[in-house]
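Q: Line by line, the protein sequences give chains L and A.
Reminder that position 51 of the first sequence reads as 58 in my numbering, one-by-one numbering, no gaps.
Reminder that position 64 of the second sequence reads as 73 in my numbering, one-by-one numbering, no gaps.
FYI, nobody ran anything at the bench for these hints, they're computed from the structure.
Note that the Cβ used here is the ideal one computed from N, Cα and C, for glycine as well.
Worth double-checking, as some hints may not be accurate.
To be verified - Pairwise CB distance ranges (calculated):
| # | chain 1 | residue 1 | chain 2 | residue 2 | range |
| --- | --- | --- | --- | --- | --- |
| 1 | L | Asp62 | A | Gln31 | 33 to 39 Å |
| 2 | L | Asn29 | A | Asp47 | 50 to 56 Å |
| 3 | A | Val69 | L | Lys59 | 37 to 43 Å |
| 4 | A | Met36 | L | Val89 | 27 to 33 Å |
| 5 | A | Met36 | L | Gly48 | 19 to 25 Å |
Unchecked claim - These stretches of chain L come out as covered by chain A in the derived footprint (C-beta under 8 Å, 3 or more residues):
| # | region |
| --- | --- |
| 6 | 48–62 |
| 7 | 72–81 |
To be verified - Every beta carbon over 12 Å from chain L, so not counted as near; a handful from chain A, in silico:
| # | residue |
| --- | --- |
| 8 | Gln15 |
| 9 | Leu22 |
| 10 | Gly72 |
| 11 | Val122 |
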Amino acid sequence: GNSVTQMEGPVTLSEEAFLTINCTYTATGYPSLFWYVQYPGEGLQLLLKATKADDKGSNKGFEATYRKETTSFHLEKGSVQVSDSAVYFCALSEGRSGGSNYKLTFGKGTLLTVNP
Amino acid sequence: NAGVTQTPKFRILKIGQSMTLQCTQDMNHNYMYWYRQDPGMGLKLIYYSVGAGITDKGEVPNGYNVSRSTTEDFPLRLELAAPSQTSVYFCASSVNRGRGNEQFFGPGTRLTVL
Chain L
8 GNSVTQMEGP VTLSEEAFLT INCTYTATGY PSLFWYVQYP GEGLQLLLKA TKADDKGSNK
68 GFEATYRKET TSFHLEKGSV QVSDSAVYFC ALSEGRSGGS NYKLTFGKGT LLTVNP
Chain A
10 NAGVTQTPKF RILKIGQSMT LQCTQDMNHN YMYWYRQDPG MGLKLIYYSV GAGITDKGEV
70 PNGYNVSRST TEDFPLRLEL AAPSQTSVYF CASSVNRGRG NEQFFGPGTR LTVL
């Protein structure tokens, strides 16, 4: 079956530091890949996504590239801010045709804390 | 648009009690989902629905029931609460437009079973 493995947290950084959160996946089909972010006390919200190999998703200074050869979708940001403190989830949806690409499989999440 | 709303925000139940977690979306999405989030374990899919009158089990359905009588509402029922059901519950919705569909999440219900 499908699975997502994220780097273990928590991750603690100083403001303006470089961020990488690793994510690798196992899928039987050709999945779409996502990063969701959960701020304290809130639900998840989509941060970025990529739907095919070599696509780069980007939003709010975060980037991730869909690497089919290494089955990876690592999240990066060049300069983090205190407001980026949150839990980050990598996820995939099945890529089969016929409308079955709506279910998400999540990683366990990585807690990021950014200190001033 | 309010998006996805959930009630209640918090609830404490005694073992054996029952309750219904409410979920409503106003985006006319045909797909809806219930997840539970346990500390350090990510989100697990409990049940999902692809449209009114159609529901199916997810990864962890035991101890729960759902119904989908309208496009907007997708309540989750706990019949005999157990301590193992202590968790944060999230409802989500999406529309199927092909690859890369975004799911929209509600703010969650924090449930404690004592």
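Q: Hint by hint, where does the structure go against what was stated? Just the numbers, ascending.
A: Checked against the structure, the hints that fail are numbers 2, 3, 7 and 8, while the rest are satisfied.
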